[in-house]
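Chain residues, written in single-letter form:
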Amino acid sequence: MGNLVRSFVGHVRAVATGLRYLLLPNRMTVYYPEKLIELPEGYRGLIRYYPELCVQCGLCAMVCPAGAMKMYVKKGEKRGRPGVNYQRCIFCGFCADICPQNALEMTKVHDVAYEKLEDMILSPEEFAREVRSPALEEGAVKVKVIFSEERGLVHEPA
Amino acid sequence: MLSTSEVVRSRLLAREGGEEVYELFIGPQHPSSGHMRFIVRLDGDVIVSVDPDIGYVHRTMEKLAEGREAVKAIPLLERMTIIDSHNVTIGLVRAMEKLLDVEPPPRARYLRTLLSEINRIASHLYGIGIAGIMLNHSTMFMWAFGDREVWLQLAEELSGARLTHTYSIPGGVRRDLPQGFADRAEKAVRYMTRRLEEYAKIFLENPQVRSRYEGVGVLKKGEASRLGIVGPNLRASGVKYDARLAEDYAAYSEVSFEVPTLEEGDAYARMRLRIEEIKQSMSIILQVLRKVPEGPIFAEKYLKLLPPKLREQVLSTGRVKLPALFASMKLPAGEAVARAEMGHGEIFYHLISDGSAKPYRLRVVTPSFRNVILFRYLMPGHRFMDFPAIYGSLDYFPPEADR
Ligand code: SF4
Ligand code: SF4
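Top line first, the protein sequences correspond to chains D and X. For what it's worth, the working numbering labels the leading residue of the first sequence as 405, then goes sequentially. For what it's worth, the working numbering labels the leading residue of the second sequence as 399, then goes sequentially.
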């Protein structure tokens, strides 16, 4: 009998806990691409190259653990400039962290899609272009992440 | 063409005196067996034996790591247990530091502890969620995975990446605490504390779930140590062993925490123990945030190799710049071993260097590799429906075994 009562109470408590969230759902989902989460400072997204700062030392290509960064040497020049292969890059950020000139910067953009595999290989010139988020260009609303004791994470318009 | 019943019949292994043993292959398939195959022999629906057939995600990481410079092994090996990526590499970083004879400064040790515990909570939530869905309790799955986002968000703010943190490097950590981190972490802790009570109500104390877990897959204390089981699976059988206490790493000797143990050793105890560990991790996080000392996050030995302008930049931004030496850092000849406690249990590294930039040998013993033997020992004698219940309670992670 004691068991039966305990079991009954257990069931009621389980169902009641579930019902609470049926009435007050706690949703953390963000509807991308209509909404786009603002990423934290220091996020390791796609990389931007600033050629005017670069001293062509090649350290970035040397440290790259994925073999994604390569030096492109132009005809008639001795030293190369870095280009990146996003088929391989794992966004570890070692290249930006080792660059003594701050010529590489990890941006907050990560939602770029490519049509062709070849497009993912960026020459130094392409690498130097500004990185843009397609969702933002299509008019996505930026939301920021707020920590909440009641709901975990809440997303509010930034 | 064979009819369905003929296909099943073709796996009939033995027929003796009216008893029939069937062989059933489960997986490899991602959402059921995981990246592995179980060869299960069944007498009716009673499990006779289980052979865990691992190796389907073999990425030869140990061998790959021997072909590249040592620092490059960090982002490579963290993919073994991507859900616990700081804990999986901190042992490697410690082994490298022992060879290089460099110690991380105190603040870096505290920050390592911080990310390790955030990772442990996320890893346990992952395991609890998967265990939930294995019992068809989709609420537990959804809740645990949703709440895991809270911890991933914290980890992302600290390291710059959601999962592949690559946070610890020889000599320290790469980033300092971001502005307002302590406040957000405290909110996360308060939220999670309440949620754990709800987990108990909807899942762990749910009579339905209890009847699936209690007395199922019992691992006796003696058996657990004889088989070399590690992590929560060992502690749920009453053995108080935790690599955080056994090996001096990060700031674990400077914070106080308990190593919870339970005596029952059944699936239910293993699940409850993970909840207790989450509570302990949260207490460690709060202590770290209160006690974290001021100071550099990267060893002076490497900081002074940076040009003065960069050194200043590191101090003002709290983001480490790597000295050029890191691109091809030579490891002094010798051997080093290190262990660390992951969410799944103890990980062990053995690093041998011949003095070049690439490790001569790099060997890893992962917790899931040590725990996989449990499938063979715990399953026989149980009904087939207990298979997913026991599997879920073990928090076994196939890609980690196949290193
Ligand atoms: S982020 Fe890492 S993988 Fe990508 S190019 Fe830089 S060093 Fe290579
Ligand atoms: S490390 Fe920096 S300065 Fe050196 S080649 Fe790469 S981008 Fe240029």
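No wet-lab data here; the hints were simulated from the structure. Idealized CB from N, CA, C, for every residue including glycine. Mixed in with the good hints, there may be bad ones.
[Unchecked claim] Subject to a maximum C-alpha distance of 16 Å in a straight line, what follows is the list of computed EDC-like cross-link-like pairs (lysine to aspartate or glutamate):
(1) D:Lys548 with X:Glu621
(2) D:Lys512 with X:Glu733
(3) D:Lys548 with X:Glu554
(4) X:Lys585 with D:Glu442
(5) X:Lys585 with D:Glu534
[Unchecked claim] Computed footprint of chain D on chain X, listed as stretches where at least three residues anywhere in the stretch have a Cβ under 8 Å from a Cβ of chain D:
(6) 549-558
(7) 563-576
(8) 594-607
[Claimed, not checked] Calculated from the model, a selection of chain D residues having no Cβ within reach of chain X, i.e. all distances over 10 Å:
(9) Glu438
(10) Arg452
(11) Lys520
(12) Leu521
(13) Ser537
(14) Phe551
(15) Glu560
Verification of the supplied hints:
Taking the CA atoms of Lys548 of chain D and Glu621 of chain X, the gap is near 50 Å; set against the 16 Å cutoff, the hint is violated. Annotation: proposed proximity of Lys512 of chain D to Glu733 of chain X is violated, straight-line Cα distance about 40 Å (limit 16 Å). Among the hinted pairs, Lys548 of chain D with Glu554 of chain X is consistent with the structure: their alpha-carbon atoms are about 14 Å apart, no more than 16 Å. Only pairs whose Cα atoms come within 16 Å are accepted, and Lys585 of chain X paired with Glu442 of chain D is rejected, the gap being roughly 20 Å.
Our distance criterion of 16 Å between C-alpha atoms is broken by Lys585 of chain X and Glu534 of chain D, whose separation comes to about 36 Å. Counting residues of the segment 549-558 of chain X whose beta carbon lies closer than 8 Å to any beta carbon of chain D gives 4, which meets the minimum of three for the stated coverage. Given as covered by chain D, the segment 563-576 of chain X passes the check, having 4 residues with a CB less than 8 Å from a CB of that chain where 3 are the minimum. With 8 residues having a Cβ less than 8 Å from any Cβ of chain D, the segment 594-607 of chain X passes the three-residue criterion, so the hint holds.
Under the 10 Å C-beta cut-off, the non-interface status given to Glu438 of chain D relative to chain X holds; the minimum distance is some 19 Å. With a minimum CB-CB distance of about 15 Å to chain X, Arg452 of chain D clears the 10 Å threshold, and the non-interface call stands. No beta-carbon of chain X is positioned within 10 Å of the beta-carbon of Lys520 of chain D; the least distance is around 26 Å. At roughly 22 Å, the least C-beta separation between Leu521 of chain D and chain X is larger than 10 Å, which holds for a residue marked as non-interface.
Residue-level check passed: Ser537 of chain D sits 17 Å from the nearest beta carbon of chain X, beyond 10 Å. With a least CB separation of 4 Å from chain X, Phe551 of chain D falls inside the 10 Å interface cut-off, contrary to its annotation. Look at Glu560 of chain D: its CB is around 14 Å from the nearest CB on chain X, clear of 10 Å, so calling it non-interface holds up.
Against the hints set out earlier in the document, violations occur for numbers 1, 2, 4, 5, 14.
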